[in-house]
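So the sequences go chain by chain: A and B.
Just so it is clear: in the first sequence, position 99 is 99 by this note's numbering, and no numbers are missing.
Just so it is clear: in the second sequence, position 61 is 61 by this note's numbering, and no numbers are missing.
Accuracy of the hints is not assured; some may be wrong.
Some chain B residues flagged as far from chain A (calculated, every beta-carbon gap over 10 angstroms) [to be verified]:
#, residue
1, ILE12
2, ILE13
3, ALA20
4, PRO43
5, LEU45
6, ASN52
7, LEU60
8, LYS62
9, ASP63
10, ARG64
11, LYS78
12, PRO81
13, THR101
14, GLY107
Here are the simulated distance ranges between beta carbons [to be verified]:
#, chain 1, residue 1, chain 2, residue 2, range
15, B, GLN80, A, ILE74, 23 to 31 angstroms
16, B, LEU39, A, GLN45, 17 to 25 angstroms
17, A, LYS52, B, GLY28, 35 to 43 angstroms
18, A, LYS52, B, GLN17, 49 to 57 angstroms
19, A, LEU80, B, GLY28, 29 to 37 angstroms
20, A, GLN45, B, PRO8, 17 to 25 angstroms
21, B, GLN80, A, ALA13, 48 to 56 angstroms
22, B, GLY3, A, LEU51, 31 to 39 angstroms
23, A, ASN54, B, ARG16, 50 to 58 angstroms
24, B, GLY3, A, THR79, 19 to 27 angstroms
Listed below are the simulated BS3-like cross-link pairs for lysine-lysine, each with C-alpha atoms no more than 27 angstroms apart in a straight line [what the hints assert, rightly or not]:
#, chain 1, residue 1, chain 2, residue 2
25, A, LYS69, A, LYS3
26, B, LYS71, A, LYS105
27, A, LYS3, A, LYS105
28, B, LYS11, B, LYS78
29, B, LYS11, A, LYS105
30, A, LYS108, A, LYS3
31, A, LYS69, B, LYS44
32, B, LYS62, B, LYS83
33, B, LYS44, A, LYS108
34, B, LYS11, B, LYS44
35, B, LYS62, B, LYS11
36, B, LYS44, A, LYS105
37, B, LYS15, B, LYS44
38, A, LYS112, A, LYS52
39, B, LYS15, B, LYS62
40, B, LYS44, A, LYS3
Bear in mind the hints are in silico, worked out from the structure with no lab data behind them.
In this text the structure is predicted, and so the values were computed from the model without any measurement.
Positions of the beta carbon are idealized from the N, C-alpha and C atoms, including for glycine.
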Amino acid sequence: DAKTTQPPSMDCAEGRAANLPCNHSTISGNEYVYWYRQIHSQGPQYIIHGLKNNETNEMASLIITEDRKSSTLILPHATLRDTAVYYCIALPNYGGSQGNLIFGKGTKLSVKP
Amino acid sequence: EAGVAQSPRYKIIEKRQSVAFWCNPISGHATLYWYQQILGQGPKLLIQFQNNGVVDDSQLPKDRFSAERLKGVDSTLKIQPAKLEDSAVYLCASSASTGNTIYFGEGSWLTVV
Numbered sequence: 001d002a003k004t005t006q007p008p009s010m011d012c013a014e015g016r017a018a019n020l021p022c023n024h025s026t027i028s029g030n031e032y033v034y035w036y037r038q039i040h041s042q043g044p045q046y047i048i049h050g051l052k053n054n055e056t057n058e059m060a061s062l063i064i065t066e067d068r069k070s071s072t073l074i075l076p077h078a079t080l081r082d083t084a085v086y087y088c089i090a091l092p093n094y095g096g097s098q099g100n101l102i103f104g105k106g107t108k109l110s111v112k113p
Numbered sequence: 001e002a003g004v005a006q007s008p009r010y011k012i013i014e015k016r017q018s019v020a021f022w023c024n025p026i027s028g029h030a031t032l033y034w035y036q037q038i039l040g041q042g043p044k045l046l047i048q049f050q051n052n053g054v055v056d057d058s059q060l061p062k063d064r065f066s067a068e069r070l071k072g073v074d075s076t077l078k079i080q081p082a083k084l085e086d087s088a089v090y091l092c093a094s095s096a097s098t099g100n101t102i103y104f105g106e107g108s109w110l111t112v113v
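Generate coordinates for the entire structure from the input sequences, incorporating the hints supplied.
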């Protein structure tokens, strides 16, 4: 079973920031928080991941609470092309290519004009 | 950099027929995954290869599904005989041996009628 819980759906106005929450209260110390998204009819796309520090890349920012029990993915200026299902996944990282992604149901983000 | 390539993109077969899907991972990626995604659900791991060896095939229905990764590069997933409940998207993914970020292909859509 997935170790994370997410709201089933969210709406966001185009051009505004989209803040997607994820609860992972049972995450263990060696598990990273990964975010993927899946646009309709495409394979999942990697967005970002982090352990305990906040992370930012060209796609998004990831804010992880100090106790690591929850996190928020931020899309700073959402566009219609960001409409997708967003998955938050806890994944152990042993420094090698181990472990597989256990997907939950994710959050369906709808960006509206 | 070329992504994960899959073919065919779409396939319709009758139940009890056989089908094969092909995957070419990102160049240099040692780990290859096959996932099954049923409509409305998140992807579920079927099998994981590390080079040409199987790491995890615990969720693969071995009475009808088989997969191989000869020479540790390309992989083929076969279903024989197909059942109606095998209708799904079959996603191939790969990751480098020194990191855990997993990259997905576009998927192969199977409809069994």
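Q: Find the hints from earlier in the document that the structure breaks and name them by number, from lowest to highest.
A: 4, 5, 13, 14, 15, 17, 22, 26 and 38
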